[in-house]
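Trainee: Below are the chains, spelled out letter by letter.
There are 2 protein chains.
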Amino acid sequence: MTLEPSHLALVPFVSVANMMKLVHHIGLERFLIELADEIEADFKRWPAFDKAPRVPSHSDVGVIELMPTSDGEMYGFKYVNGHPNNMKDGLQTVTGFGVLAEVDTGYPVLFSEMTVLTALRTAATSAVATRHLARPDSKTLAMIGNGAQSEFQCLALKAVCDIETVHLYDIDPAATEKCAQNLANSGLTIRRCATPEEAIEGADVITTATADKRMQTILTDNMIGNGVHINAIGGDCPGKTELHKDIVARSSMFVEYPEQTRIEGELQQMPLDHPFTELWQVITGQATGRRSESEITLFDGVGFAIEDFSALRYVRNAVADTTFFTNLDMIADPDDPRDLFGMVMRASGT
Amino acid sequence: MTLEPSHLALVPFVSVANMMKLVHHIGLERFLIELADEIEADFKRWPAFDKAPRVPSHSDVGVIELMPTSDGEMYGFKYVNGHPNNMKDGLQTVTGFGVLAEVDTGYPVLFSEMTVLTALRTAATSAVATRHLARPDSKTLAMIGNGAQSEFQCLALKAVCDIETVHLYDIDPAATEKCAQNLANSGLTIRRCATPEEAIEGADVITTATADKRMQTILTDNMIGNGVHINAIGGDCPGKTELHKDIVARSSMFVEYPEQTRIEGELQQMPLDHPFTELWQVITGQATGRRSESEITLFDGVGFAIEDFSALRYVRNAVADTTFFTNLDMIADPDDPRDLFGMVMRASGT
Chain X
1 MTLEPSHLAL VPFVSVANMM KLVHHIGLER FLIELADEIE ADFKRWPAFD
51 KAPRVPSHSD VGVIELMPTS DGEMYGFKYV NGHPNNMKDG LQTVTGFGVL
101 AEVDTGYPVL FSEMTVLTAL RTAATSAVAT RHLARPDSKT LAMIGNGAQS
151 EFQCLALKAV CDIETVHLYD IDPAATEKCA QNLANSGLTI RRCATPEEAI
201 EGADVITTAT ADKRMQTILT DNMIGNGVHI NAIGGDCPGK TELHKDIVAR
251 SSMFVEYPEQ TRIEGELQQM PLDHPFTELW QVITGQATGR RSESEITLFD
301 GVGFAIEDFS ALRYVRNAVA DTTFFTNLDM IADPDDPRDL FGMVMRASGT
Chain A
1001 MTLEPSHLAL VPFVSVANMM KLVHHIGLER FLIELADEIE ADFKRWPAFD
1051 KAPRVPSHSD VGVIELMPTS DGEMYGFKYV NGHPNNMKDG LQTVTGFGVL
1101 AEVDTGYPVL FSEMTVLTAL RTAATSAVAT RHLARPDSKT LAMIGNGAQS
1151 EFQCLALKAV CDIETVHLYD IDPAATEKCA QNLANSGLTI RRCATPEEAI
1201 EGADVITTAT ADKRMQTILT DNMIGNGVHI NAIGGDCPGK TELHKDIVAR
1251 SSMFVEYPEQ TRIEGELQQM PLDHPFTELW QVITGQATGR RSESEITLFD
1301 GVGFAIEDFS ALRYVRNAVA DTTFFTNLDM IADPDDPRDL FGMVMRASGT
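So the protein sequences, as listed, match chains X and A.
Going by the numbering used here, the first residue of the first sequence is number 1, and it counts up by one from there.
Going by the numbering used here, the first residue of the second sequence is number 1001, and it counts up by one from there.
None of these hints come from the bench; they were simulated from the model.
Hints may contain errors.
To be verified - Selected chain X positions facing chain A (Cβ under 8 Å, derived; list incomplete):
#1 Val16
#2 His24
#3 Val61
#4 Val103
As the list claims (entries may be wrong) - Every beta carbon over 12 Å from chain A, so not counted as near; a handful from chain X, in silico:
#5 Gly147
#6 Asn185
#7 Gly225
#8 Thr284
#9 Arg316
#10 Ala332
#11 Pro337
Virtual Cβ for every residue (Gly too), placed ideally from N, Cα, C.
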């Protein structure tokens, strides 16, 4: 008798170290391009998914959320936290992990870190929205908030949307400096900006990725010029928005899943009858995206479970023929499925 | 530069093999007794927990569920599936895994298999209910359904409630034989029964643990004698009940979390005004349990997130000073928490 588990008991696990190896193996920009395509493909079959707002557990200092979805063949969920105060203790604001499983058996087929992967999928999702909503000639991005998400956002918009120049602004100049240095050899032209006005001037696309509420009054309505596309991705829980209400009111709003955006996004500060369009309908052609050169389009991105599902499926396929995973003995697998007890008892001799 | 993760990135993982080693290290009966005490302790502080019905994803062949809860200090969730057809393909009907995390940071502190652990906590929960609801002189258990759960149920009732004799019945005699052989040296007196009537005759406690709907008509009202305590633990999803409605109508019903039991338990077949008592209130003395020697008490157990929370905390403490876990590189932990990108980029040299 051995404790060696059968193949049914083993679930491929992608650690943080292996996720980073996978990113370098594929190449970061190619990873972002392929992931954006994967997410877009799932947005195109949006009605096929089981959808519900994520399941949050709030505390005074943050939130822990579960984000499940299923397309009837595969089931996926992500565990993710959001703790703005973590940073001062040397911890990540957002960490996560996730699982992909077969609907027919309930057995997991992938367990993966999702701290790095969430940054990648969030950036890829902004790129999908920008590809469909920004003016086609957009070349300059204003990146407001230069924290853990910022470089991924900049590179995804370079790789997917041909952004060439990035204006960086953060209330903490050290964050801007970190971001600028990380992007120094990216091929992007980088400008460090001392004020939000400076960052926004001449920008075709504005991405806001701020982790707390301090940014909210930094962008005022009179700064925002006609024709820009805004990705507001930092407002992602009740009570946390990034944009002044007047900016939102002037913009045409595009959302992932309205039931969740209503609770978490910029939409929460607007009246219940504020109009919006679902991004998947723009992608499938069922709804119109940008209507004019002068329109302000706003992607009120809060992050939805389907994007994580796309990312997990992409990683599952990407690691399949590599060494970038280990097998975890996660699932008890007795010879006789009714004899779980016998399996436990026989393990005593080992 | 090394890919070696810091201690913050590492999450203790209890594999199936290590869970089985832990059970033998502690001893199965002691494990069940201690786990029952742990669950009872959490039932005593029931109002302290965030509670919601589990989050299911149903398909034609089964269900995948997430079961989160929090006591404000720790957060826990379990992933669990229920696929009655898995057995014929050599797979487990119920498998699971779970995570315990710190509410203040959102960082996981334990990742554990929960297929074995769910069997243990389900048995321990039946034992807690039986301890509070059965007649104190109960010595004989009728175990209806002799599948993967059955031995754990029998041993928990032996260890916690001093059950001495078990009558086994299953529609498949091979399952009964398997269960009887597994319990041969347990100290329990075992009787293999050819009919449900034979199993129930003389039983003080009846536990039903059936995985599909075939059992529902096997127990009829006229079999059930006065004064028994019933643990009905196999009816745990919409449309799936184990007991004839007339039995339920004659019994005093005790439940875990009414909002979930209403959807999943025997309670779903009863009118909305059918009376029930919450088990935690019996345990704290706020409600009365058994009122007489002749009353039939029914624990309509569907399994609630708090029981998994108790089990994860118990395992976390139990493995702390052992070698029965490995550390998983689950959480990205850059030196500078805002520099996730830099961490990913620096990994390219390894």
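Trainee: Determine for every hint whether it applies to the structure shown.
Mentor: Hints, one by one, checked against the model:
{"no.": "1", "hint": "Val16", "verdict": "holds (5 Å)"}
{"no.": "2", "hint": "His24", "verdict": "holds (5 Å)"}
{"no.": "3", "hint": "Val61", "verdict": "holds (6 Å)"}
{"no.": "4", "hint": "Val103", "verdict": "holds (5 Å)"}
{"no.": "5", "hint": "Gly147", "verdict": "violated (5 Å)"}
{"no.": "6", "hint": "Asn185", "verdict": "violated (10 Å)"}
{"no.": "7", "hint": "Gly225", "verdict": "holds (29 Å)"}
{"no.": "8", "hint": "Thr284", "verdict": "holds (24 Å)"}
{"no.": "9", "hint": "Arg316", "verdict": "holds (17 Å)"}
{"no.": "10", "hint": "Ala332", "verdict": "violated (4 Å)"}
{"no.": "11", "hint": "Pro337", "verdict": "violated (5 Å)"}
Checked against the numbered hints listed earlier, the structure breaks hints 5, 6, 10 and 11; every other hint is satisfied.
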